[in-house]
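Undergrad: Could you build the full structure based on these sequences and the hints that come with them?
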Amino acid sequence: MNTILKKSSSFFDVYERRPGSDKLTTTYCPGCGHGVLHKLIAEALDDFGVREKTIFISPVGCSVFAYYYFHTGNVQVAHGRAPAAATGIKRAHPGSIVISYQGDGDLAAIGTAEIIHAANRGEGITVFFVNNAVYGMTGGQMAPTTLIGQKTMTTPRGRSVENDGYPIRMSEIIATLDAPVFVERVMIGDTKSTMHTRQTVRKALKLQIEKNGFSFIEVLAACPSQLKMTPSRSKLWVKEVLEKRFPLGVCKDISGEFEGRKFTRKDVKNDELHDILDLETAQVDLEKISRFQDKPINEEIKVAGFGGQGVLSLGTVLSEMGMRHNYEVSWLPSYGPEMRGGTANCSVKISKKKIGSPLVANPTILIAMNRPSLDKFENDVVSGGLIIYDDSLIDRKPVRDDVDIIPIPATKLADELGNTKAANMVIVGALITVKEIMSQQIILDSLGDVLKRKNLVELNQKAILRGAEYIKNLKK
Amino acid sequence: MAKQFLKGNEAVVKGAILAGCRAYYGYPITPASEIAHAAAMYMPLAGGTFVQAESEVAAINMVYGASAAGERVMTASSGPGISLKQEGVSYCAGAELPCVIVDIVRGGPGLGNIAPEQSDYNQVVKGGGHGNYKVLVLAPNSVQEMCDFGMLAFDLADKYRNPVYVLTDGFIGQMMEPVEFPEPVTTIPEKTWAVKGTDETTNNFITSIDLDPDDLERHNQKLQQKYAIIEEQEQRAEEYRTDDAEIVLIGYGIISRIIQTVVDELRDKGVKAGMLRPITLFPFPKKALEKLTKTTQFFLTVEMSNGQLVDDVRLLVEGRKPVHLYTRMGGNVPSTKEIHDEVMKLMRLS
Numbered sequence: 000m001n002t003i004l005k006k007s008s009s010f011f012d013v014y015e016r017r018p019g020s021d022k023l024t025t026t027y028c029p030g031c032g033h034g035v036l037h038k039l040i041a042e043a044l045d046d047f048g049v050r051e052k053t054i055f056i057s058p059v060g061c062s063v064f065a066y067y068y069f070h071t072g073n074v075q076v077a078h079g080r081a082p083a084a085a086t087g088i089k090r091a092h093p094g095s096i097v098i099s100y101q102g103d104g105d106l107a108a109i110g111t112a113e114i115i116h117a118a119n120r121g122e123g124i125t126v127f128f129v130n131n132a133v134y135g136m137t138g139g140q141m142a143p144t145t146l147i148g149q150k151t152m153t154t155p156r157g158r159s160v161e162n163d164g165y166p167i168r169m170s171e172i173i174a175t176l177d178a179p180v181f182v183e184r185v186m187i188g189d190t191k192s193t194m195h196t197r198q199t200v201r202k203a204l205k206l207q208i209e210k211n212g213f214s215f216i217e218v219l220a221a222c223p224s225q226l227k228m229t230p231s232r233s234k235l236w237v238k239e240v241l242e243k244r245f246p247l248g249v250c251k252d253i254s255g256e257f258e259g260r261k262f263t264r265k266d267v268k269n270d271e272l273h274d275i276l277d278l279e280t281a282q283v284d285l286e287k288i289s290r291f292q293d294k295p296i297n298e299e300i301k302v303a304g305f306g307g308q309g310v311l312s313l314g315t316v317l318s319e320m321g322m323r324h325n326y327e328v329s330w331l332p333s334y335g336p337e338m339r340g341g342t343a344n345c346s347v348k349i350s351k352k353k354i355g356s357p358l359v360a361n362p363t364i365l366i367a368m369n370r371p372s373l374d375k376f377e378n379d380v381v382s383g384g385l386i387i388y389d390d391s392l393i394d395r396k397p398v399r400d401d402v403d404i405i406p407i408p409a410t411k412l413a414d415e416l417g418n419t420k421a422a423n424m425v426i427v428g429a430l431i432t433v434k435e436i437m438s439q440q441i442i443l444d445s446l447g448d449v450l451k452r453k454n455l456v457e458l459n460q461k462a463i464l465r466g467a468e469y470i471k472n473l474k475k
Numbered sequence: 000m001a002k003q004f005l006k007g008n009e010a011v012v013k014g015a016i017l018a019g020c021r022a023y024y025g026y027p028i029t030p031a032s033e034i035a036h037a038a039a040m041y042m043p044l045a046g047g048t049f050v051q052a053e054s055e056v057a058a059i060n061m062v063y064g065a066s067a068a069g070e071r072v073m074t075a076s077s078g079p080g081i082s083l084k085q086e087g088v089s090y091c092a093g094a095e096l097p098c099v100i101v102d103i104v105r106g107g108p109g110l111g112n113i114a115p116e117q118s119d120y121n122q123v124v125k126g127g128g129h130g131n132y133k134v135l136v137l138a139p140n141s142v143q144e145m146c147d148f149g150m151l152a153f154d155l156a157d158k159y160r161n162p163v164y165v166l167t168d169g170f171i172g173q174m175m176e177p178v179e180f181p182e183p184v185t186t187i188p189e190k191t192w193a194v195k196g197t198d199e200t201t202n203n204f205i206t207s208i209d210l211d212p213d214d215l216e217r218h219n220q221k222l223q224q225k226y227a228i229i230e231e232q233e234q235r236a237e238e239y240r241t242d243d244a245e246i247v248l249i250g251y252g253i254i255s256r257i258i259q260t261v262v263d264e265l266r267d268k269g270v271k272a273g274m275l276r277p278i279t280l281f282p283f284p285k286k287a288l289e290k291l292t293k294t295t296q297f298f299l300t301v302e303m304s305n306g307q308l309v310d311d312v313r314l315l316v317e318g319r320k321p322v323h324l325y326t327r328m329g330g331n332v333p334s335t336k337e338i339h340d341e342v343m344k345l346m347r348l349s
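Going down the list, the sequences are from chains A and B.
So the first sequence is residues 0 to 475, counted in numbering that gives the first Met the number 0.
So the second sequence is residues 0 to 349, counted in numbering that gives the first Met the number 0.
Quick caveat, the hints were computed from the structure, so don't treat them as lab data.
We treat Cβ as the ideally placed atom computed from N, Cα and C, and that holds for glycine.
Careful, some of the hints might be misleading.
Said to hold, decoys possible - Not the full set, but computed from the structure, chain B residues with beta-carbon under 10 angstroms of chain A:
| no. | residue |
| --- | --- |
| 1 | 54 |
| 2 | 86 |
| 3 | 177 |
| 4 | 180 |
| 5 | 197 |
Unchecked claim - Computed list of lysine-lysine pairs in BS3-like fashion (alpha-carbon distance at most 25 angstroms, straight line):
| no. | chain 1 | residue 1 | chain 2 | residue 2 |
| --- | --- | --- | --- | --- |
| 6 | A | 434 | A | 474 |
| 7 | A | 202 | A | 261 |
| 8 | B | 221 | B | 125 |
| 9 | A | 261 | A | 210 |
| 10 | A | 453 | A | 411 |
| 11 | A | 475 | A | 396 |
| 12 | A | 420 | A | 396 |
| 13 | A | 453 | B | 225 |
| 14 | B | 271 | A | 352 |
| 15 | B | 268 | A | 351 |
| 16 | A | 353 | B | 268 |
| 17 | B | 2 | A | 287 |
| 18 | B | 221 | B | 190 |
| 19 | B | 2 | A | 451 |
| 20 | B | 2 | A | 268 |
| 21 | A | 352 | B | 2 |
| 22 | A | 294 | B | 2 |
| 23 | A | 351 | B | 271 |
| 24 | B | 225 | B | 190 |
| 25 | A | 38 | A | 205 |
TA: Now the structure itself:
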């Protein structure tokens, strides 16, 4: 036995980050479990040769200053949020070793959501959860793991079931989830239990190093200061009292069959982004649109109908085609619950001038696809404006006599083409024939670029032609 | 001119990815959800990661972690979600972690509604969370700017190691307009301070705790010096027909577009009106406002909030010229006519 015992090289030799003159000892009280657990973790990092790859997350609580001691990358985080921050860190550096270290208030009270969901996603991190049944740094208040009857600053008569509920068993809860690979509750107490904890710490870290598996290690430990006991008495309390409520042992272990977490990040080159991000743009062919260049176009269009009638896409097609004619265009939907069931509408502006507000309050053109839309918007149309409405669905005529009114049985015409959903494009065909603000050929040619469902392009082209034909026949 | 017709909420994601952002952590909320949809679609394809977090709180702390790890990272939300994120933003500011947060403002307070408002001005521009900190705030008024500022925000965030907001309203997020895409960034500044799980970075630590009052005061002073530099160097504003303006209308986001139309209408009538549009809300464009304070007869601030922007205007004008306020709330957007009438009323009074 000539082993030279020395401090783990995963600790700093001198704790320079610690304020004050004492740079050699930790801030932990005699008998506190943190010091021992820190040591077990640090020695494992040494032995596995992963110190440089390790990022240690310090929580809020007594271990907030873990970065005084661990000579690894260190990130100190907000109360309860260590597993969330760990998620961001590990996904940035999937090859790093991320240790998320939390106490009972941090993990099992304010941070309950974060630990449950990080565990449920199976993030490739190792969680150490120190359960000493009391808030340490904050001043001895009740923890979610405080025992029934246990007196703390906020349970001065002892924790009562009626007022405070029961001590929460986190390991058992985590073990019910599918993604966690290894969940065990251990203890820092007598030599035997601490030596077992050492093995568990190593197993958990190894699981991350080799397979990026999520593990959760709950460590029962003593807080002699808040328990108001001597260090040796408090260790006994952990073993004889705390352990009764929180039985030691493996809650879940699928490390044998776990094949490893498949999370990788690939390096994508800039020249690949054009396709990946769908950055394809539309070119404007000035020659083809020359006859529209001198028109003082300033249309404010309201398109309205039932959800499912293609009201919003009627609007986007008009705007996108406007863009291809070098007009300034904007499209604004009525969004939110309004679009789920009931009526939908959108505002479209097509102009030679820069567009101010995208909202159309007083349309120059109203396209009404159903009766409620005509009822709602008829009076808003500007004098001298235009109302186009689907008279195969709307059973009344508009009453305004100061606007142009064009009825078109768009739905019926679309049905004749074989698909009711093409009614919106029948209207597009009609509108551009009435208003002559766009080239029918450009619209037909670029419809394939604009429509998301490519299998419907031909049908929609027919619908546009049908709408145009209908208007031409009306004019005759 | 090659353009794509695109929604504001998608444009900001495409801009962010072109800026080298490869991580998105967020929680869905109307009217910002399409940002999450686009990020879910594109981030993984671009070699990045997307997580629909369990909460707004978790999302901003994932951002904190990713930023600490040196990633260009973003999140997005709307009013109620931003309220929940504020603690995490304070931590980011305290630990000097760069990140980009998009706020597509909706009607409040409380659950309010999903129509556009500008009522997050105070909770974003004034810091919002606990502690003495500031965040840079960019206020786009078009889909093109959603894309452009989605890029610019990351440059500013890294340059100052500070959170940067892209703050706009439901209209700019929801509307579609043509966009020209900028070229992707070729280099991202090296972050030697970040924690990367490498040998060189084992001496790095990210924290916002400092128990010693003198040390924490020094840290705060350092932050204030940084904010002073930002105020000096990053003011951005757009002026429209202000050269000889006797009446200056002030507004940002969607309001600025409405005001611009009003200015044209007033000019057609012979009224010398102009517009000042703050593009950065912090830093507030003090220099531009100062210049106009000397020449204008009065200001009219138009906002979709209860006089939050006007406080900053009045603070800087210091009573030298009248500063009037026209406001709509609850998701109503003022029409050009309303603003036009308000100007005419004020002209009769003055």
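Undergrad: Each hint: holds or not?
TA: These are the hints, each one checked on the structure:
no. : hint            : verdict
1   : 54              : holds, 6 angstroms
2   : 86              : holds, 6 angstroms
3   : 177             : holds, 5 angstroms
4   : 180             : holds, 5 angstroms
5   : 197             : holds, 7 angstroms
6   : A:434 <-> A:474 : holds, 13 angstroms
7   : A:202 <-> A:261 : holds, 20 angstroms
8   : B:221 <-> B:125 : holds, 18 angstroms
9   : A:261 <-> A:210 : holds, 9 angstroms
10  : A:453 <-> A:411 : holds, 23 angstroms
11  : A:475 <-> A:396 : holds, 22 angstroms
12  : A:420 <-> A:396 : holds, 23 angstroms
13  : A:453 <-> B:225 : violated, 53 angstroms
14  : B:271 <-> A:352 : holds, 20 angstroms
15  : B:268 <-> A:351 : holds, 21 angstroms
16  : A:353 <-> B:268 : holds, 19 angstroms
17  : B:2 <-> A:287   : holds, 17 angstroms
18  : B:221 <-> B:190 : holds, 19 angstroms
19  : B:2 <-> A:451   : holds, 17 angstroms
20  : B:2 <-> A:268   : holds, 22 angstroms
21  : A:352 <-> B:2   : holds, 17 angstroms
22  : A:294 <-> B:2   : holds, 22 angstroms
23  : A:351 <-> B:271 : holds, 24 angstroms
24  : B:225 <-> B:190 : holds, 18 angstroms
25  : A:38 <-> A:205  : holds, 16 angstroms
Hint 13 from the earlier list is the only one contradicted by this structure; the remaining hints agree with it.
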